[in-house]
Amino acid sequence: MSVERRRVAGQAVQRRDLFEKVTGAATYTVDVTPPGCLHAKVVRSSRAHARILGIETSAALAVPGVIAVVTASDLAALFPRFGHIIPDHAILAMEKVRYYGEPVALVVAENIVAASDGAEAVQVRYEDLPAAMDAEAALAPDAPILHDDDYGASGDESFSEMAATPGLPDHGDSPPRTNVAHTVDLSWGDVDAALAQAHIVVENRVHYPMLYAYAMEPYNAVASFTEDSLHVVSSAQHPFMVRTDLARIFSLPLSRVRVQVPYLGGGYGSKSYTKIEPLAAVGAWVVRQPVKLVLDVEEAIYTTRADSAAITVRSGFDAEGRILARAFDIVLDSGAYADNSPLVLAKAVNRCFGPYRVPNLRVRGRSVYTNTSPASSYRGFGAPQGALAGETNLDRAAAQLGIDPVEIRRRNLVPPGGEILPGKRGIDADLPADLELVAESLQRDARTVPGHGIGVACTASDAGAYPISTAIVRVQTDGSVTVLSGSTEMGQGSRSVLAQLVAEELGVPIEAVDVVQSDTAMSSYERTTGASRTTTLVGLAVQRACADARAKLTEMAAEIEQCPPESLAQGDGVLESADGRKLAFGDIISRWFGGDAGEVTGVGTLRRDGRTQKMPPFWEVGMVGVEVGIDPETGVVRVDQLVTVADVGFAFNPKAVEGQDLGAATQGLGGALFEELVYDGPQLVNPNMVEYRVPRMTDLADKIESIVVERGDGVGPYGAKGGGEGALNPMGAAVANAVAMATGKWPSRLPLTPERVWRLVNDLPEVDAE
Amino acid sequence: MTAAQPATGHDHVVVAADVNGVSVTEPVPTRWTLAQFLRDRLGLTGTKVSCELQVCGACSVLVDGAPVSACTYLAADIDGRRVQTVEGLAARDQLHPLQRSFVEHFALQCGFCTPGFLMMAKALLDRNPDPTEDEVKEYLDGNICRCTGYEPIVAAVLDAAKRMRGQA
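Sequence order for the protein chains is V and S. Numbering-wise, this note's numbering puts 140 at position 140 of the first sequence, and it's gapless, one number per residue. Numbering-wise, this note's numbering puts 133 at position 133 of the second sequence, and it's gapless, one number per residue.
Just so you know, the hints here were simulated from the structure itself, not pulled from any lab data. The model shown is predicted, which means the values in this text are computed figures rather than measured ones. Cβ atoms here follow ideal geometry from the backbone N, Cα and C, with glycine treated the same way. None of the hints are false.
Using C-beta positions, here's what the derived DEER-type ranges look like:
#1 V:G426 - S:R41: 51 to 61 Å
#2 S:D18 - V:A547: 54 to 64 Å
#3 S:T72 - V:F19: 26 to 36 Å
Which chain V residues stay away from chain S? Per the calculated CB distances, all over 12 Å, these:
#4 T71
#5 R125
#6 V406
#7 V449
#8 D514
#9 S577
#10 T753
Working from the sequences, and respecting the hints, build out all of it.
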């Protein structure tokens, strides 16, 4: 069960980036202002859906300090859209706007004050169109259609399964266009027959709220053109993906687009893929000077949010509570542009039914365009939405059958290695054992008093981590090592983990290892930083790069020592000759090159083969329990106990794992209890951090237990696998289950605000219930 | 703001202040915030701006020892006052006990909120060297962190307080 403790890997080493961060020295994109930098401000749509009749820029250009006003008409020579799955997203609105807050023009000025004044002075004339403000309205037979064009989807293998174009199936000449951006269906067995024979059939419908990740550093980017090369510094999680979009926009070779990412002030998936980089870049392209664009929080909320969801679930059980069949209907409100929602939908479909033995399954998923802020990735990626439906459904069944909620899960969880998705990798975790850890901890401190309730929930996410990674290690003449990786440090601690791994593999002190990340011109290629992939997938590439460096050093040592390579033994930072001499890596390099100079470069690559052939590369476990206390007078929910399992295979840095785990759990509690973006008419009523409330320090649970589980069952180095979003995924469902136990009523929507809970307690209809 | 009468920052006022122990005399646009002045004029980019509405605490700095939100505090108002930012927390080569404690307790991940937390925690410990856990939570409730889940921050502040009392 337990894993081997190692010299550096597995130790709670202090993260070096933290020293820079506590002194204020750490550089974030927002701190980068090159000489001669101009500043930009975005003019945004004041309509939800409207035709653009004209854009009057002369008043803006008359503002002192304003250099240029860029509109879609300036982009005729460019490919004016982006989007890695469906390139539907206009850099600047063309012909029409599809949501309130959509960029319509970009004002570039000598300073931000002039840019802001200039943006105020741009006048846009609109002709209003009927708007579809939610998924239900967008699916209505007479709904206004957001997208009239086919955009053609990405041919990328990992996205090709997402490739349906808007509203159009693969067949037929011209079926009527709809607002369905994407559909995903999944089924096996005979659901109807199984439901007909079930002892009980339990059906319920849930609503998962529209969320904002609130990475505290808002989206920002600095772009400049020199000759025919584009250089962008950006708050992007995936610089290489952004590079691809930018190269297409400007018809540039990938090698002439450099995207550089310093420290990120939080990401949580919300900084995945391309955001505002094209805006900054077209500004710089027009004025031929560096342009900096920094969004405020309201603009950031209108840039990306998470998909809200309405989900109906119907499950059949036998008398012992075993699942016979499950059917789900998932509708995501994906906003005005597809962005990453097709993938979010695919994952919601794969994850909604839970890590259980489900002999018969039918899931229908639709991602729907609406005239709202575009939705995309957010930590958890469809899993929290699906889990709210599936896991509350399971508790309802347990209640009907008189079975304990933990017991019904015991009876249905897949065993270690068991199959969740046919043909995919079996579960690389012991979920039943994880469940017992949560149940024991909760029971130990449970208070069985009125107004209290316990809730548990389980998820397993097929990690959307496509195995394409590269890494380079450069061994220096003094034996120190520079590591190059395209994985972004956004707070999760990858810089430290990769250093630990190299120190372990090469046997050098961790202080001698430096990690350089996320610069498409200088670091190695990395597909993305998301889906908890770095330790596992980048880790494998780094491990291979270290092996490559050792192999090269061995060849070189054999040459200079005139001995067979096999006679050299591998040691910590050294090779040992047959006669017992230790040849330090640095000395080997110096002697081979002939002078105190040179270096050895080890290269490691990872693709879909061997141990990473089978998808997903790993499953991310979410296993949580909460105990809540409810104030019947006010409806306020107080979290007494928060118990999470971080089933990570091997914890490279246990303190960092606990930190990620509690962070994910806390964001999950935010969506469960506080957070929701609310549209009223064309615009949000709460696009700010006063009215969009996130968890605060006094919301801390009285008891927090993060149980780090290491069974070495992951595909990554030393048995590691992904962590850091697991605890978020089932949290909303667990809180809903706990509130149900405490109130005796079944909530159907999150967040469980005091008013909603008070209404439950008092047997009143839910707020804004259908 | 109309286009006819743009306020592009031409109205200036001269401020003389002590910033992290350094005397500063600078003309600043009247509409500049303290955060703009610190970051864009003095290059003290450790102070971060996030919500711009005084609810996240990321931009917290001390003015005459009291915490203020630099995102909404006007630069003109520091005239004659003493400003302390995260850059002034460490003494030459020695991290402040709060800084050391934050690193040791993993009380930060992305670090964007950290300068604000450190300055707010300093304000607390300057007034109350021996706070209870509840007092720490109450005092820092106006600072948002999206990464850590807060527990390690509470632990770090309590530990730093203990160390500082030991030093005194």
